[in-house]
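Could you build all of it, start to finish, from the sequences and the hints given here?
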Amino acid sequence: MLRTSLLYVILSTALFGCTGGGEKISLESGTVLLVAPGPLYEGSNTATVEWTPDQGDVSGKEITSARVSKIRLTGSGEYADLFSDITFSLAAPGADMRRVGVLNPVVVGDSTWELQVAEEQKNIEDFFKGKPITLVADVNLKRDLEADLKLTAEVVFETEVKK
Amino acid sequence: MKKVLLILSVIMAVFMAKNVDAQTAEGDLLVGVWEPSHGKARVKVEKIADKYFGKIVWLREPNDPNTGQPKVDRNNPDESMRQVPLKGYRLLKDFTYSGKKEWGNGTIYDPENGNTYSCVIKARDENTLDIRGYVGVKTFGRTDVWQRVTIKK
Numbered sequence: 001m002l003r004t005s006l007l008y009v010i011l012s013t014a015l016f017g018c019t020g021g022g023e024k025i026s027l028e029s030g031t032v033l034l035v036a037p038g039p040l041y042e043g044s045n046t047a048t049v050e051w052t053p054d055q056g057d058v059s060g061k062e063i064t065s066a067r068v069s070k071i072r073l074t075g076s077g078e079y080a081d082l083f084s085d086i087t088f089s090l091a092a093p094g095a096d097m098r099r100v101g102v103l104n105p106v107v108v109g110d111s112t113w114e115l116q117v118a119e120e121q122k123n124i125e126d127f128f129k130g131k132p133i134t135l136v137a138d139v140n141l142k143r144d145l146e147a148d149l150k151l152t153a154e155v156v157f158e159t160e161v162k163k
Numbered sequence: 164m165k166k167v168l169l170i171l172s173v174i175m176a177v178f179m180a181k182n183v184d185a186q187t188a189e190g191d192l193l194v195g196v197w198e199p200s201h202g203k204a205r206v207k208v209e210k211i212a213d214k215y216f217g218k219i220v221w222l223r224e225p226n227d228p229n230t231g232q233p234k235v236d237r238n239n240p241d242e243s244m245r246q247v248p249l250k251g252y253r254l255l256k257d258f259t260y261s262g263k264k265e266w267g268n269g270t271i272y273d274p275e276n277g278n279t280y281s282c283v284i285k286a287r288d289e290n291t292l293d294i295r296g297y298v299g300v301k302t303f304g305r306t307d308v309w310q311r312v313t314i315k316k
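Sequence order for the protein chains is A and B.
So in our numbering, spot 115 of the first sequence is number 115, and the numbers just go up one at a time.
So in our numbering, spot 75 of the second sequence is number 238, and the numbers just go up one at a time.
In case anyone wonders, no lab produced these hints; they're calculated from the structure.
A quick note: this is a predicted structure, and the numbers were derived from the prediction, not measured.
Take these hints with a grain of salt, some might be off.
With a straight-line cut-off of 30 Å between C-alpha atoms, the simulated BS3-like cross-links for lysine-lysine are [as the list claims (entries may be wrong)]:
| hint | chain 1 | residue 1 | chain 2 | residue 2 |
| --- | --- | --- | --- | --- |
| 1 | A | LYS122 | B | LYS165 |
| 2 | B | LYS203 | B | LYS301 |
| 3 | A | LYS142 | B | LYS234 |
If you want the ones that stay clear, here's a sample from chain B, every Cβ over 12 Å from chain A, calculated [as the list claims (entries may be wrong)]:
| hint | residue |
| --- | --- |
| 4 | ILE170 |
| 5 | GLY195 |
| 6 | GLY231 |
| 7 | GLN232 |
| 8 | ASN239 |
| 9 | SER243 |
| 10 | PRO248 |
| 11 | ARG253 |
| 12 | LYS263 |
| 13 | GLU265 |
| 14 | LYS285 |
| 15 | LYS301 |
| 16 | PHE303 |
| 17 | GLY304 |
| 18 | THR306 |
| 19 | GLN310 |
We put the beta carbon where it would ideally sit given N, CA and C, even for glycine.
Okay, structure coming up:
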């Protein structure tokens, strides 16, 4: 009897422990502008922007886990045949850079790109420790570009906070 | 007395600011385009969010001989990221300048096997780097010598 009860306690702890039990909150970047100063050469170029999350609902709470669930980039119509591929990463002084999205190949004619989000996303919560996050878009250009490259990004994070 | 203290603190502030500038300039020595000893690729190092990152900007053989398509990161442990192209791939990540022409706390990715190693970079001079990738402790590692592509005079 004692053994059965003990087993039940262990199993329940394991089960409920795995579910986390935190409050799930979505954080959206809104529309932010990433820029790579021109002139740019054919090949890989990097557009960046520093973004400070408006933590609203999670203010003062500890984010225990986070992952990126959506990355959408938009550019001018001139870019419709300019990119061969796009990758998207997060960087911050207190966290290791994480690649979180990719689009390869880029379909000719589009000027809005929905990136495939990485399945493995480790320690994304480290980016929410008070410092600005640098959003990094690496684009492979098919040809040179004289002007600055400007892309707007909308990124959605699914977070879990301690209740 | 107050005046002396004020002058001293101004002098100290200027000295500290100059020291930080010098450290930043020395750290930025890593920025540029570098070629590993095998000569099969060129890596551009840039600074993002106060850290240094290096990505492949040139490949001697850009296309996969089996598919005829541009090479991708087919050995990535995360299957969802295996279509990331190698041209533009960021294989040096998160390096910080630790002084004495050395950069640490970073990693290097080997696309040939999909493994990521701890890494330390030491500049022999302005145009030569020792790149040491290792597992656990620096003793168990391998050093490669990289040359700057555009020689700084």
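Practice item. Find the hints from earlier in the document that the structure breaks and name them by number, from lowest to highest. Key: 1, 7, 8, 9, 10 and 11
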